[in-house]
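Asks: So the sequence lines, in the order shown, correspond to chains S and U. For the first sequence, position 111 matches number 111 in this note's numbering, and the numbering has no gaps at all. Just add 1000 to the spot in the second sequence (first one is 1) and you have this note's numbering.
It is worth saying that the hints were derived from the structure and are not from the lab. Hints may contain errors.
Stated by the list, open to error - Derived BS3-like pairs: lysine-lysine, alpha-carbon spacing no greater than 27 Å straight-line:
#1 S:LYS62 / S:LYS74
#2 U:LYS1101 / S:LYS24
#3 U:LYS1181 / U:LYS1101
#4 U:LYS1181 / S:LYS24
Said to hold, decoys possible - To be clear about the criterion: a stretch of chain S counts as covered by chain U if any three or more of its residues have a C-beta under 8 Å from a C-beta of chain U, and this derived list gives those stretches:
#5 20 to 30
#6 300 to 309
Ideal Cβ positions, reconstructed from N, Cα and C, are used throughout, including at glycine.
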Amino acid sequence: MLDVKTAVMDPLVRLDRRDRRADKFFRLAVQSCAIFVLIALLGAALSMLIGGREAFSTFGWKFLWSKDWDPVQKQFGALIPIYGTLVTSLLAMIFAVPISFGIAIFLTEIAPRWMRLPIASAIDLLAGIPSIIYGMWGLFIFAPFMGAHVDPWLNSHWGSLPVIGALFRGPNMGLGMLTAGVVLAVMVIPFIAAVMREVFSTVPSPLKESAYALGSTTWEVVWNVVLPYTRSAVTGGIFLGLGRALGETMAVTFVLGNTHRLAASLLEPGNSIAATIANEFTEADSSLYLSSLIALGFLLFVVTFIVLTIARLMLRRMARLEGN
Amino acid sequence: MANSLLMQRRITNAAARVLATLAAMIGIFWLIWILWTTFSKGLPVLKWGLFTQLTPPPGSDGGLLNAFVGSILMSGLAVLIGTPIGIGAGTYLAEYARHTKLGETIRFVNDILLSAPSIVMGLFVYTITVRQVGHFSGYAGAIALAFIVLPVVVRTTDEMLQLVPSTMREASLALGVPQHKVIRQVLFRASMSGILTGVLLALARITGETAPLLFTALNNPYWSTNMNQPMANVPVVIFQYAMSPYEYWHALAWAGAFVMTMLVLMLGIISRIILLRNRRHDAQ
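Construct the complete structure from the given sequences, taking the supplied hints into account.
Replies: Pasting the structure below:
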């Protein structure tokens, strides 16, 4: 009797054991994949810190604010690329945030329903266009346009203003901080607009309807109800766009002019961290030069990491408010 | 007094509505301008030789054959490396670590990788491959692209698995099916098209990705399918040709840009259609 029972059970028990082992193995496999993602980020940070070690130890903190960039004398400082990155990204935000906000309002409050999906998809398409296409368009089409129409106008109308006039005096060649800022703005608009649109549409209708019922106009509903409700996510979306703008490489490389010079004017060419790396990496002929470029990459990584962390924390706070 | 206040509110509202509409039009305007540029510059210089001839030295005619082949090889390898790891990590996040601290951390890190500058990932791969081996290679390029594929696939797999109703899991587990089989044979099947969308989106992203290839795959003016050697690829060739002073190199760059844009848009549209069809399917 007993023998029969074990004879029947045995294969089942064995099967059970095999399944359990396979389960454990499967879990381990997917877990290591997930840990790999973690390692990728840490590895990126560490490898660049190590790669940039030589530059950091040679120049010390001076690397951050020295404006030297001289491959011949082997003097390197990050000030000019940092300045260019910050100025172009800031310009991009100045253009992109209001436009994205407008697009999001249009898509959630103003446009007729049938129009929303096509227009939202079209804006999303902007995000899909490769950055090198933006760069070519910027270099061959947009920069000449800026040089022929916008730069001269700025020169003659705003160039003579006190104090801020210096920002708008410069050569009418189209390449420079302002052009890069505009191109970057176009590139980050879809990201910011998508986040804003998404969170605007999560605002509970009763809130909006109550405000409308009290006689609010569309603008008052957006400004006094929708925006306060979505504030943290909107901030998150803006930081997400900022993170993109800071690290954008190809488009900026095409239109910034790649000149290592500190200029007050937005019409002057400059350089950014990403563009410097992209342009000079394969030309770096000394280990200190290479190390300085990798050190620039490390700085970029740290800055974008901080910006993107803020963005995600803000977006997450909104998600938690939503209750999921 | 009350009337003037109402007036003022109405004017503000009208201005806001007009400006918002204008903003949407500006967005569409850029899209049309950029696409129109790519079409009008790329279409006239598109020729069959683009796909049959090698990249030319200055002064002669040619195509982008080696660049296309290089791009296809590297993108293919990148997807092959990135997708399994991405699906694995996404599965872990959705099925084993949905509310754990480790899961949340990895999800967070993945979100950051998703929007991290691609040039940074390129530098990272440069230091771990090119610097160790001593030369640029197609493999290094593929690895750099794989790091861009990875977070996209992780994100979509995680999201798509979370969308699968938990009744499916419970029903299979109640039948005594071990968890790894539930995941592989039930959940993966249910979320297959969603995960595929993620892979397509990732492919679209790396198709135009230039920055990380600059210092991994570099470029190669000759015919080469040896992935252990520097490798030509469409984005870097476009970059170099567009920055060059030669008109006919510009023409080749535009033709390449046109093909690339079409491909990226197509991939985007296909994945969108799959997603929309899914949603409709779910709604029924």
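Asks: Verify the proposed pairing of LYS1181 of chain U with LYS1101 of chain U, using a straight-line Cα cut of 27 Å.
Replies: holds (26 Å)
Asks: With a cut-off of 8 Å between beta carbons, are at least three residues of the region 20 to 30 of chain S near chain U?
Replies: holds (count 8)
Asks: Does the alpha-carbon distance linking LYS1101 of chain U and LYS24 of chain S stay inside the 27 Å limit?
Replies: Since the Cα atoms of LYS1101 of chain U and LYS24 of chain S sit roughly 20 Å apart, the hinted pair holds (cutoff 27 Å).
Asks: So if I understand the rule, the pair passes when the alpha-carbon distance is 27 Å or less; does LYS1181 of chain U with LYS24 of chain S pass?
Replies: holds (12 Å)
Asks: Is LYS62 of chain S close enough to LYS74 of chain S, meaning Cα to Cα at most 27 Å?
Replies: holds (14 Å)
Asks: Mind checking, does the region 300 to 309 of chain S have 3 or more residues with a CB under 8 Å from chain U?
Replies: Since 6 is at least three, the answer is holds.
When the structure is compared with the earlier hints, no violation turns up for any of them.
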